[in-house]
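Asker: One letter stands for each residue in the lines below.
Number of protein chains: 4
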Amino acid sequence: MYFASDNSAPAHPKIMESLQRVNEGYTGGYGGDGGTNHVRDMIREVFEAPDAAVYLVTTGTAANALALATLVEPWQTVFCHPTSHIEEDECGAPEFFTNGAKLTLIEGANGKIDADAFRSHAKITGQLGVHNIQRGALSLTNVTEVGTIYTLDEIRTLTIIAKEFGIATHLDGARFANAMVALGCTPAEMTWKSGIDAVSFGGTKNGCMGVEAVVLFDPDKAWEFELRRKRGGHLMSKYRYLSAQMEAYLTDGLWIKLAKHANAMGDLLATGIKDVKGAKFNHPQQANMLFCGWPRSGHALAQAAGAMYYAWPEAEHPETGPDDELLTARLVTSWSTTPQDVARFLELIAG
Amino acid sequence: MYFASDNSAPAHPKIMESLQRVNEGYTGGYGGDGGTNHVRDMIREVFEAPDAAVYLVTTGTAANALALATLVEPWQTVFCHPTSHIEEDECGAPEFFTNGAKLTLIEGANGKIDADAFRSHAKITGQLGVHNIQRGALSLTNVTEVGTIYTLDEIRTLTIIAKEFGIATHLDGARFANAMVALGCTPAEMTWKSGIDAVSFGGTKNGCMGVEAVVLFDPDKAWEFELRRKRGGHLMSKYRYLSAQMEAYLTDGLWIKLAKHANAMGDLLATGIKDVKGAKFNHPQQANMLFCGWPRSGHALAQAAGAMYYAWPEAEHPETGPDDELLTARLVTSWSTTPQDVARFLELIAG
Amino acid sequence: MYFASDNSAPAHPKIMESLQRVNEGYTGGYGGDGGTNHVRDMIREVFEAPDAAVYLVTTGTAANALALATLVEPWQTVFCHPTSHIEEDECGAPEFFTNGAKLTLIEGANGKIDADAFRSHAKITGQLGVHNIQRGALSLTNVTEVGTIYTLDEIRTLTIIAKEFGIATHLDGARFANAMVALGCTPAEMTWKSGIDAVSFGGTKNGCMGVEAVVLFDPDKAWEFELRRKRGGHLMSKYRYLSAQMEAYLTDGLWIKLAKHANAMGDLLATGIKDVKGAKFNHPQQANMLFCGWPRSGHALAQAAGAMYYAWPEAEHPETGPDDELLTARLVTSWSTTPQDVARFLELIAG
Amino acid sequence: MYFASDNSAPAHPKIMESLQRVNEGYTGGYGGDGGTNHVRDMIREVFEAPDAAVYLVTTGTAANALALATLVEPWQTVFCHPTSHIEEDECGAPEFFTNGAKLTLIEGANGKIDADAFRSHAKITGQLGVHNIQRGALSLTNVTEVGTIYTLDEIRTLTIIAKEFGIATHLDGARFANAMVALGCTPAEMTWKSGIDAVSFGGTKNGCMGVEAVVLFDPDKAWEFELRRKRGGHLMSKYRYLSAQMEAYLTDGLWIKLAKHANAMGDLLATGIKDVKGAKFNHPQQANMLFCGWPRSGHALAQAAGAMYYAWPEAEHPETGPDDELLTARLVTSWSTTPQDVARFLELIAG
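Those protein sequences? They're chains A, B, C and D, same order as listed. Under my numbering, the first residue of the first sequence is numbered 1, with each subsequent residue one higher. Under my numbering, the first residue of the second sequence is numbered 1, with each subsequent residue one higher. Under my numbering, the first residue of the third sequence is numbered 1, with each subsequent residue one higher. Under my numbering, the first residue of the fourth sequence is numbered 1, with each subsequent residue one higher.
These are calculated hints, taken from the structure and not from any lab test. Do not take every clue at face value.
Copies of the same chain look alike in the list, so a pair counts if it fits in one copy or across any two.
What the hints assert, rightly or not - Within a straight-line C-alpha distance of at most 30 Å, the following computed DSSO-like cross-link-like pairs (lysine-lysine) qualify:
| no. | residue 1 | residue 2 |
| --- | --- | --- |
| 1 | K193 | K280 |
| 2 | K221 | K260 |
| 3 | K14 | K163 |
| 4 | K221 | K163 |
| 5 | K163 | K260 |
| 6 | K221 | K123 |
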């Protein structure tokens with residue numbers, strides 16, 4: 001019963017097999033091997049973007065920070081939601097890689113940037129000229145950090161505003177596959193067809209060992225990206241082991257199958273929790289991450305049985321209190337979550 | 001016959017087995033798993049440094065740049081050899097991670113910093129006060145980038161000068177094991193017992209998939225290092241796959257066996273080349289990397305047979321010329337180089 | 001009738017005389033002249049802080065950014081009000097000088113940070129450890145950017161919270177004298193006696209040509225500050241011309257007289273505007289800066305007569321509209337504002 | 001007898017008069033005053049560059065660092081002489097403003113970059129692709145830091161090589177006027193007609209109080225420069241006091257007269273020193289800065305009489321020694337050096 005994070009799950013066996021398969025003989029380093037070129041083509045095909053620049057790195061923070069540094073100047077700002085990973089969970093990596101660009105926080109319900117609020121911020125940003133930080137990029141996260149999904153319409157609405165103000169657009173897709181599966185759309189539809197310029201395409205949380213792709217639909221800054229990646233210490237020498245993961249991930253739709261499973265487990269959890277007496281959802285469940293509460297007694301039983309998940313927010317979980325006190329939590333399912341675990345967990349929290 | 005680089009070799013089977021072994025069930029991310037704590041203790045034991053702060057990252061550039069950024073302030077300089085990796089091969093990563101520290105190049109024969117030259121630079125650095133870049137760190141590389149070895153005495157001589165001037169000391173040990181095996185010393189002797197404050201302890205080139213440890217013998221800046229690592233995008237979420245590599249690497253002396261083999265292959269190559277008519281060594285061969293020349297005709301035969309290695313320096317390899325023209329090359333052996341390959345190569349270059 | 005900004009006023013004649021006075025013969029550069037040492041002592045005396053480190057720079061942005069860079073690490077955040085100069089008007093200078101620290105915006109009425117909001121942000125900042133930006137500094141502005149004054153109690157309340165969380169404290173005193181005069185307190189009371197660690201002590205807006213002092217009450221980081229200043233290009237070679245301004249500014253209480261006059265002119269304006277039919281204050285007037293509105297017709301008359309001031313916010317000033325439409329403005333008085341100008345202006349806007 | 005530095009001299013009376021003249025009434029801040037626009041046009045005229053972007057800052061370090069940051073990317077290098085101000089005397093300001101670009105030191109006699117050495121460095125820089133720092137800018141200093149002059153031919157030879165490799169070109173003209181007067185050429189000839197892209201045009205050392213112009217002959221990056229300047233804290237609010245200095249400096253050829261005088265005093269000194277028994281020049285004297293030696297006895301007499309200058313290099317001036325020991329010094333003349341002072345000094349050192 002492990003719902004703490006999808007990055008606590010192991011790698012899928014096919015990922016490991018792929019690593020084993022490439023572990024033979026000599027290859028050029030730093031991406032200069034045939035497998036890497038092949039996997040870059042696979043990604044271009046998946047995104048229907050034959051000209052895109054495609055790179056692999058080992059962490060989502062690196063993917064986001066490098067992509068944003070390539071999109072914005074140091075004196076510009078990145079518009080993002082207050083709950084976004086780049087604001088909350090990267091210890092200032094975007095500020096470091098951009099040499100001090102700002103993050104402008106735009107509120108919005110359910111972890112999604114409100115279009116009016118964005119327009120209003122975009123409008124006033126830089127209006128006093130040289131004294132102000134300038135407009136830079138918009139960064140969306142899908143699946144959002146509170147487990148909700150931007151619809152294609154919502155993405156388009158925001159990117160249209162961005163284009164109007166000359167603002168570049170980035171998608172943090174740490175859970176790209178989960179969002180896409182939830183939307184039932186293609187990778188192209190969720191990105192460039194909806195106005196996205198650059199994507200962090202996550203593999204790690206959805207069954208890889210540690211690999212994320214950065215896709216720049218406009219390859220103009222490809223060389224700059226390569227220099228930034230090297231300079232950031234993110235150009236792996238034995239690059240084949242990144243490529244091998246991504247190749248297995250994309251082959252035969254493995255990535256989609258894994259995300260479907262994770263989302264299905266999320267649905268199962270949500271359905272069950274809705275029946276728990278006193279349960280309450282902070283945000284609608286739409287993929288593989290749930291933010292919801294149920295009575296303290298149910299938490300006690302689940303935790304006693306070894307269930308792992310984060311109290312959320314932690315500060316609001318006093319150690320003692322009445323049995324029926326509502327305590328909220330974050331639950332994350334993954335490719336390796338089993339229906340049995342979900343069922344057992346639901347039983348426990350229902351008391 | 002692949003002598004282009006030790007990072008073109010695959011990972012050792014025991015590394016892959018270890019990855020497979022940890023690929024089971026859920027674990028805490030970001031280093032919060034039992035295996036990581038265990039491997040950090042293993043490294044402390046290997047270095048006889050129970051208080052050292054120990055971290056794993058995926059690239060040597062990250063290890064060097066993060067270690068240096070922790071040791072020096074932005075207005076300080078890193079004294080290093082002109083051929084050092086941090087100067088030549090990291091696209092300015094140290095400058096980026098330190099926020100603009102300088103690298104002061106100190107000459108010296110055979111890729112090793114000359115002690116008198118270092119003392120003289122250390123003395124004048126910062127002597128005009130606030131107008132000058134200040135003294136920061138000394139960075140040595142062992143095995144050097146030209147394949148030679150600093151003796152323990154040479155290391156001590158340099159670190160004693162460093163201490164005299166309040167200069168911190170860093171060892172780039174991308175080929176740590178090869179140097180240690182060549183010296184026949186312990187890890188502690190090659191580092192803190194010889195005055196080294198921080199080490200980049202390489203695993204990748206010597207049989208891992210992609211893992212380097214940073215060891216800070218003075219743990220005072222441990223927390224700063226952790227923040228810098230995270231901010232640099234170098235904190236892996238599924239950290240167990242770094243730890244697993246390092247654990248296998250250190251278990252039963254695998255790392256030492258692999259380095260011994262690589263060095264032995266280097267010796268074999270060197271011995272053979274010395275017998276090639278017209279051959280000449282640019283630097284003494286002391287570990288697993290050779291810089292030497294032999295007649296153009298031998299190059300032609302080897303390359304026709306598919307031998308892979310770098311002309312060095314490339315610029316000095318005109319495409320055509322007399323058969324007996326001396327052309328120099330860099331040859332690197334690794335844990336996976338076979339005596340058969342060496343023998344075949346020697347036969348070819350001997351014409 | 002010039003109420004656009006106090007930095008549009010000329011320098012006071014005594015400042016110019018002082019410049020003239022030091023313009024004789026040779027002196028050591030970079031602060032190594034007797035006058036500079038003298039003026040640094042004067043500042044220490046003014047602040048009753050014999051051990052303080054004291055430096056002069058030419059702009060308020062430099063003073064703020066250098067002070068903050070000395071107080072916070074790159075992975076920390078500066079808590080400040082959304083209207084603060086460091087957030088709104090410095091094009092990211094704090095982010096640049098700190099190498100990417102964040103600014104965390106804390107709301108509060110009348111341009112002043114709300115204590116409860118600060119405490120709550122301070123508490124959650126960094127609570128997820130290495131993933132989060134860490135606590136760094138609190139920056140207050142007095143006079144605030146909306147013309148109001150933090151009382152000594154308000155300052156103390158905030159700095160006490162800061163100390164509780166290990167947060168350093170900075171005061172942006174671009175209008176230090178105006179605030180102090182309004183509070184009727186001493187420089188020490190407004191700063192270190194109220195828990196402030198570092199001050200940007202403005203001279204430019206209050207009658208100098210271009211000089212601001214940075215005062216670090218804890219001199220531990222004095223040398224770091226000097227290196228940062230030099231590295232930022234802010235160490236003037238002919239430093240005597242900075243010192244001369246500051247010396248005249250502090251002599252015979254000139255700075256206090258000038259601020260008293262500016263504030264008195266602010267009072268006069270406010271008193272008059274309160275009588276204008278339909279006028280409304282956005283914030284209480286407490287020093288030399290007013291944010292208030294009056295009918296469009298009054299704006300038209302004043303502007304036709306050449307009055308200069310900023311519509312505030314500009315976006316809300318449509319070019320046409322009904323005569324009695326309330327349009328707000330920012331009005332700033334200075335040492336050189338005359339009662340005649342104020343009287344004339346009041347007449348005009350009253351229609 | 002003050003020969004320590006030209007920045008120890010006072011400002012010329014006409015500079016002070018100009019400051020006094022503009023110290024009247026209100027003007028727009030941050031360069032938005034008529035005087036500033038006028039002086040920018042004057043500079044464009046002086047340089048015969050009607051499209052140039054022109055900015056004023058207060059220090060030479062700011063001028064150099066901002067200009068270079070606008071010319072190079074963080075992953076590029078600035079080719080410069082080891083004695084250059086940007087390498088030796090700015091505490092890493094170029095590294096700070098460029099976010100970690102490198103400075104590649106190119107040797108050459110008499111403080112001037114050797115063309116062959118430059119070509120050879122330019123050629124190998126970046127040749128290993130993404131692993132290497134890339135080519136960025138060439139920075140020349142005229143007058144050089146050892147008091148010599150690049151001829152127009154020498155400048156052209158270097159800038160032609162630069163263009164061949166796509167390298168931008170910068171001139172550090174802290175002593176621009178002294179070089180120009182020595183060359184007997186026009187500002188345009190010394191800069192864009194000789195292939196220079198950007199100039200730091202010094203005023204401070206040659207009689208101003210503290211003002212340097214940056215001239216970008218290609219105005220494409222003008223807006224970027226403005227943002228960098230603001231972000232660096234180098235946009236003065238009461239900008240009229242920068243403009244006023246520069247206006248007086250350029251009016252009626254004052255700048256040329258002052259430089260001619262300073263150089264003439266340099267000539268006078270050099271002529272006299274050549275006659276001193278045992279004297280020796282380290283570098284040819286060509287403008288207002290001399291590096292030469294004479295016997296210890298002459299130093300003793302001059303210093304006893306209050307002469308001020310720097311022993312150079314300081315380390316080589318042991319406190320005691322034989323009377324005829326050759327001790328070298330740096331002597332700098334300025335607009336305010338008098339023939340009487342020179343004569344007296346020569347008498348003294350001649351013993």
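Asker: Now, for every hint given, state plainly whether the structure supports it.
Answerer: Cross-check of the supplied hints:
Proximity of K193 and K280 under a CA criterion of 30 Å is satisfied in neither setting, with 36 Å inside one chain copy and 49 Å between copies. In the homo-oligomer, the alpha carbons of K221 and K260 never lie at most 30 Å apart, since the shortest distance is 34 Å inside one protomer and 44 Å across protomers. Taking CA atoms no more than 30 Å apart as the test, K14 paired with K163 passes in neither setting, with 40 Å inside one copy and 52 Å between copies. Proximity of K221 to K163 under the C-alpha cut-off of 30 Å is found in both arrangements, the shortest distances being 18 Å within a copy and 22 Å between copies.
For a Cα distance limit of 30 Å, the shortest separation of K163 from K260 qualifies neither inside one copy, at 32 Å, nor across copies, at 49 Å. When the C-alpha separation of K221 and K123 is checked against a cutoff of 30 Å, the pair qualifies both within a copy, at 26 Å, and between copies, at 24 Å.
The structure fails to meet hints 1, 2, 3, 5 from the earlier list, while all remaining hints are met.
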